[in-house]
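K.L.:
The residues making up each chain are set out below.
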Amino acid sequence: MSCNFPEKISSLIDGELSATEAREVERHLLSCSECQQLHADFLNLRTQITSFETSPQPEVQNRALKKILASSERGVPARGLRWSFGTRAIAFASLLIVGEILGLVVYFNLDTQDKNTAVVQAPSPMPVATAEPSVDPSKQPDTKATPEPNKENTPRRAPSPAPVKRPPVREPKPGEQFASNPVPPERLRSADAETMTALHFEKSETLLRSFRNVRMDEPGAAAEVKYERTHARQLVVQNMMLRREADASGDVQSSSLLESLEPILIDIANLPDKPDRDAVRTIRERVERKNIVPLLRVNSTALARALD
Amino acid sequence: MASEDEEFTMLFQDFYPSLCRFLECLLGGRAPLAQDLAQESFLQLHRTAWGTMPVGEARFWLYRVARNMAINEFRKSNTRYRLFDRVVEVMRPRARNPEQEYETQERNAMVLEMLQTLPEDQRTALLLREQEQLSYREIGQVLNISESKVKVDIFRARAALRERWNRTLGISRSSHKDAKVQTPYLSLRALAAKSQ
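As you go down the protein sequences, you meet chains A and B in turn. Note that this note's numbering has the first sequence beginning at 1, numbered continuously upward. Note that this note's numbering has the second sequence beginning at 309, numbered continuously upward.
Think of the hints as simulated: they come from the structure by calculation, not from any bench. Be a bit skeptical, because a hint or two may be false.
Unchecked claim - Now the stretches of chain B that chain A is said to cover, found in silico as 3 or more residues with beta-carbon under 8 Å:
no., stretch
1, 435 to 441
2, 464 to 475
Claimed, not checked - A short list of chain B residues far from chain A (calculated; beta carbon distances all over 12 Å):
no., residue
3, Cys328
4, Arg355
5, Met361
6, Val363
7, Gly364
8, Phe368
9, Trp369
10, Ile379
11, Arg383
12, Pro406
13, Glu407
14, Pro427
Said to hold, decoys possible - Chain B is faced by these chain A residues, among others (derived, beta-carbon under 8 Å):
no., residue
15, Glu16
16, Ile49
17, Ala64
Bear in mind the structure is a predicted one, so any value in this text is a computation, not a measurement. Glycine included, each C-beta is placed from N, C-alpha and C at the ideal position.
Isolated chain B, as found in the complex (with noise of 0.2 Å):
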């Protein structure tokens, strides 16, 4: 029972940080109700799943479950929620400097506003892949979907993403050709100067 415990505690501290940065994407921010549904999705496993399972497949197995918790949230979205999300946000201590604050703050919300324009299961896939780095065959575990439709969901979000940086940024295919590749951080800064 101890070791159980400690092993569940091994892969708790070990993936549920990334649940939740995973989750708050999927969601378009609201952190508290990320970390709601990842604790709820980790209470699950510990419940049910746990023992039953190799170790390897719990992590694909959190990220099923969340996933369809976030769907449930998704369709019974209110206002009160997201009220009370971000007053709990508003009123989280902060240990950084504020212009780092500020900073990360702003990177963060522009890459939640560019994903919120994909459909879910494209948003889903391309988190899986880009921050959670799992493989195609793994992504297909985790959505039950099959290799081929992962590497085109995740193509197909690339694409629009794409298109859609660059119909903000008023760069045309044609004169794209010889634009110099910018930094990330620059783009950002150059997307937020446009949406203002």
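Chain A extracted, bound-state conformation (with noise of 0.2 Å):
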């Protein structure tokens, strides 16, 4: 380019030059055939980037509003939702990968154990440990010295307040491996999940019954929040950590329960030491609209059946 003049140009394509800049380059350019060229050439090379089209879909742009709005309170990284699927996926496979190798020794183990029992006590075999209450401590064979206290006195199946029935866990006996227990690890934690999550449900819908049986005509009525609002601080946390459960174990069901409650009980969370009535009025309205107190219910009893 035989002038000093491209750099201008540019500038003067962007706005930034001065007014006699401006009408200097312009005077230039009606003279100059190369920077005439050269401006026509950044107009059509402006013209090329913006005509690049991209725009998410209006449903992807609102999940992403909603989660930046929703995790910024719970504190979970936005991007990690979108692959915590496949982490979390990874987790749970490393899991049962691990609790198989687990098995495996713990059933050679056992399988070496049983026969030098056998050897050792020939006439009173080892008893096969397992975690079925039908097997009554008491009657196992004292292989050790060691007494064990209160044994005889042991229920079958120890009375539990939990409307949750779960097979007891039978205690290790002193000189036993802890790992003879045949049942495999992923279960044992699978029930523990439903059982939490039965519980959660059942607690859950307590909670959202009493919100919705509180009185907004009385003065007291902030006093009367408070203790929804304390036990929804508490469910928040619990119901994180079992969605992510749930998301891992697949359980669809479970997960889009939790997932609809979790924004009502932040919600019921973050109401102020006095609320006023349209905020509480709004959150009922939520609970009604989708319908979330018959769900707990259906669903708690469900995973209560299905653990019995």
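Make the complex out of the two chains shown on their own, each in a separate frame, by following the hints.
P.N.:
See the structure below:
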């Protein structure tokens, strides 16, 4: 380029020149065909770059916004949500593999131990250690001299105040290998998670029923909401953990219910000391609209039945 | 709290699409990753800086954070993410008719290809100028560089793209004097034909 105007032409099309400079460049453009071409090419480039079209789908955009607003409160990275399924799936798969390896090791150890016991105590073979409640610990032969206090008085199935029945976990005897329980670890974990989910559903249902019955007409309404708010704060954390667990184990039903429940719990937990009627009414309406109380009831009952 | 969230929602609705576009151009495509990074930028804004800075500043803050994230992605870029992005892109539902979609894709691919030839700082400055229409001062604020550096970067970016464009079309500068200015769409078509 013979003249030294190109950089100024770039600034001209960006509107970054002073009026005097702009006039000078424009005058030059009238007489210099190379600069005219440059000017035209720069404008063409602009058109091409601005023609780049991309727009996220509205639902993607709305989902992103919801995640940001929700996860800001929860402290969960937004991007993590997108990758969380994969990460959790990998974590869960790793856990299963480790569980299987442990199971195999335990199986072989148990086998060896059985054989050894059979050699040492042929007349009274070692009972197979299981988690079945039918196994009476008092009838097990005491291979060691260590006494077991109160074993005879131990009931077969310990009475539990929890509505969901779980198989009791037998305490290992002193000297007995801890890992001799043949129940696979992942099954235990799953049962625990399901039990916790069922209990969580029940607690949440109670909370939402209680929240639905809060009286806002009385002057002491703020004090009444305080109870629900405290409980909601406790339940939010548990809800997050259980939702992740349900996601990882592929329990879509529980996961979606927990996902619907979470923003409601967060809203209740975030209510101010003296909430106005509208705030409470809005949450109540959302609870009603989502029909979440009956869903919680149905799901907690179903889970409890499945665990029986 | 509610009004803050409303303001944030308005800002999000206004700038999320353009931030996605900026990131997509910066990353050379990879729309799902661009959307992720845009979302993460907004999340950081909401968590850390929202409420403490003027709304007008938030836009520049967003572009600065988004650009840093994109640079990090360049560094740790790996095949798995690219493959995943492509799968997502292929599976993405498309509402428009196939011809229109094809043309848009073709045009987008050409723009991305051109931009990828530029150094990252020039590309960012040019994108902020051309797509986001920021002034030199604002670009300097986003990139934390002086206005004169912005001016030089943008000019160099344009000059490099122009040269590449002309070289691809086989037009020498001497014979370019009388060349008729082509429409952008025709230029892209010609460029596409040449590259094939």
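K.L.:
Each of the hints needs a verdict: does it hold here or not?
P.N.:
Hints, verified against the model:
With 4 residues having a Cβ less than 8 Å from any Cβ of chain A, the stretch 435 to 441 of chain B passes the three-residue criterion, so the hint holds. With 6 residues having a Cβ less than 8 Å from any Cβ of chain A, the stretch 464 to 475 of chain B passes the three-residue criterion, so the hint holds. With a minimum CB-CB distance of about 5 Å to chain A, B/Cys328 fails to clear the 12 Å threshold, and the non-interface call is violated. Not every beta carbon of chain A lies more than 12 Å from that of B/Arg355, the smallest distance being close to 5 Å; the non-interface claim is violated.
B/Met361, annotated as away from the interface, keeps every beta carbon of chain A farther than 12 Å; the closest lies near 16 Å. Look at B/Val363: its CB is around 16 Å from the nearest CB on chain A, clear of 12 Å, so calling it non-interface holds up. Every CB of chain A is more than 12 Å from the CB of B/Gly364 (nearest about 20 Å), matching its label as outside the interface. With a cut of 12 Å on Cβ distances, B/Phe368 stays outside the contact zone with chain A, its closest approach being about 17 Å.
Non-interface call for B/Trp369 relative to chain A: holds, since the shortest CB-CB distance, roughly 15 Å, exceeds 12 Å. Annotated as non-interface, B/Ile379 keeps its C-beta farther than 12 Å from every C-beta of chain A; the closest such distance is 16 Å. A cut-off of 12 Å between C-beta atoms confirms that B/Arg383 is not in contact with chain A; the least separation is 16 Å. The non-interface label for B/Pro406 is consistent with chain A: the shortest C-beta to C-beta separation is roughly 15 Å, beyond 12 Å.
Distance to chain A confirms B/Glu407 as a non-interface residue, since its nearest Cβ pair spans about 14 Å, more than 12 Å. The non-interface label for B/Pro427 is consistent with chain A: the shortest C-beta to C-beta separation is roughly 16 Å, beyond 12 Å. The interface hint given for A/Glu16 holds, since its Cβ lies 5 Å from the closest Cβ of chain B, which is under the 8 Å cut-off. With a cut of 8 Å, the hint placing A/Ile49 at the interface with chain B holds, because the nearest CB-to-CB distance is about 4 Å.
At its closest, the beta carbon of A/Ala64 sits 4 Å from a beta carbon of chain B; the interface hint therefore holds under the 8 Å criterion.
The structure fails hints 3 and 4 (numbered hints given earlier, in ascending order).
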